[in-house]
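Participant: Protein chains in written order, with our numbering: chain A, 402 to 607; chain B, 61 to 238.
To be clear, the hints were calculated from the coordinates, so they are not data collected in a lab. Please read these numbers as outputs of a predicted model, since none were measured by experiment. Ideal placement from N, C-alpha and C gives every residue a C-beta, glycine not left out. Treat the hints with caution; some may be incorrect.
[Unchecked claim] Restraint-style ranges between C-beta atoms, simulated for each label pair: (1) B/102 x A/573: 20 to 30 Å; (2) A/589 x B/199: 56 to 66 Å; (3) A/479 x B/226: 21 to 31 Å; (4) B/109 x A/430: 32 to 42 Å; (5) A/576 x B/166: 21 to 31 Å; (6) B/214 x A/520: 48 to 58 Å; (7) B/177 x A/457: 47 to 57 Å; (8) A/597 x B/113: 21 to 31 Å; (9) A/490 x B/235: 34 to 44 Å; (10) B/152 x A/450: 50 to 60 Å; (11) A/447 x B/222: 29 to 39 Å.
In case you want the letters, here they are:
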Amino acid sequence: MKKLLKLTPLMVLLIFASAFTVKESIESEGYDVGDVVEDFSLKNINGKMVSLADYQDAKGFILTFTCNTCPFAIAYEDRIIALDKKYAAKGYPVIAINPNNPDVKPGDDFKAMQQRAKEKGFTFPYLVDEGQKVYPKFGATKTPHNYVLQKTSKGLVVKYIGAIDDSSRNPAAVSETYLEDAVDALLNGEEIKIKKTKAIGCTIKV
Amino acid sequence: MKLNCALLVMLIFFSCKEKVSEKTDDVSIKNEEIALAESEVSLEVYDFDRFQKFLSTKDSKVHVINFWATWCGPCVKELPYFERLKKEYQDDVEVVLVSLDFPHVYDSKLKPFIKKKDLKSKVIALNAPNENEWINAIDPSWSGSIPATIIFNKDKSKFFEKSFTFEELEKEVKQLNN
Numbered sequence: 402m403k404k405l406l407k408l409t410p411l412m413v414l415l416i417f418a419s420a421f422t423v424k425e426s427i428e429s430e431g432y433d434v435g436d437v438v439e440d441f442s443l444k445n446i447n448g449k450m451v452s453l454a455d456y457q458d459a460k461g462f463i464l465t466f467t468c469n470t471c472p473f474a475i476a477y478e479d480r481i482i483a484l485d486k487k488y489a490a491k492g493y494p495v496i497a498i499n500p501n502n503p504d505v506k507p508g509d510d511f512k513a514m515q516q517r518a519k520e521k522g523f524t525f526p527y528l529v530d531e532g533q534k535v536y537p538k539f540g541a542t543k544t545p546h547n548y549v550l551q552k553t554s555k556g557l558v559v560k561y562i563g564a565i566d567d568s569s570r571n572p573a574a575v576s577e578t579y580l581e582d583a584v585d586a587l588l589n590g591e592e593i594k595i596k597k598t599k600a601i602g603c604t605i606k607v
Numbered sequence: 061m062k063l064n065c066a067l068l069v070m071l072i073f074f075s076c077k078e079k080v081s082e083k084t085d086d087v088s089i090k091n092e093e094i095a096l097a098e099s100e101v102s103l104e105v106y107d108f109d110r111f112q113k114f115l116s117t118k119d120s121k122v123h124v125i126n127f128w129a130t131w132c133g134p135c136v137k138e139l140p141y142f143e144r145l146k147k148e149y150q151d152d153v154e155v156v157l158v159s160l161d162f163p164h165v166y167d168s169k170l171k172p173f174i175k176k177k178d179l180k181s182k183v184i185a186l187n188a189p190n191e192n193e194w195i196n197a198i199d200p201s202w203s204g205s206i207p208a209t210i211i212f213n214k215d216k217s218k219f220f221e222k223s224f225t226f227e228e229l230e231k232e233v234k235q236l237n238n
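The shape of chain A in the complex, shown without the other chains (with noise of 0.2 Å):
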């Protein structure tokens, strides 16, 4: 008992601390650069489902969260598709996953998923992050948000998180791409020289 006393001011303490570092543990919850991921199961818009290790011979992937409905999603359609054309073949092909919520986002939907990615013909699969279980896990906070994943002997690790480029509004004004450099490093064998970068985005329908 006499233990327990003693202990309570610092559990007072820890409690307080906690309750003021709410946004700091919520930013770090997800995956930073070099962490192992966990592999995920989810539907894909033709009805299978999806894991990354069905990818046997992938050398990686480049994961991106994104929506029907955010404009700077929507702006990045044409570039996404650009990068599966370019790197799938290379061994590093484009994983989409839709984290939004559909009872907020009417718009993204499993039908408004499936109209859309016929309409683009995109390339890659579609996956509906059902629960919401996998974007946390992430750590992704809004859409688009990039991730480029690199096979190893440890597993699937996190070489870059961000943008795929620095000019979402427009593509002609693209002078950094921050994405692509990252693949073409690790296919190369090099060091990444920007792992992170930040862009605007729609936040995830919750």
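With the hints as your guide, set chain B onto chain A.
Facilitator: For chain B alone, coordinates are given in the frame of chain A:
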């Protein structure tokens, strides 16, 4: 850690509640856009260099800078709270609503929206391509999602990547005022 999780769950619950009602807002906004054609609202557009003058002050007021966009449901929902703040604290608080809408919708969406909602706060547009640089310049903790808000006076500044209620906004402003 457990407590953090619990708080997180609570936060998620609360935001669920808030965001359900958002759907109807979105629909009404769309209808308004259709109803409005050309508008004569003038809009100041800034690049990041010129925008930075809004981020510091020498006066005694509390300054509230809110990043939003017409397409952002949670942002549109909280705009009335910023408007109310400006109205109720007009002598002590300056509000600037910074639109991140794409330039090609300034005339078709943003200006009609400002007119229809009759926004009294200063509305400007930030057209700054190199997001990776300016997001960090505003606050290193900002992941880049909106709504996001800076509340500051000449001594202190706080950054928020979240949605506000009026009461929460008022509390933050009062805290800075003391």
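Participant: Output the indices of the hints that this structure fails to meet, ascending.
Facilitator: 2, 3, 9
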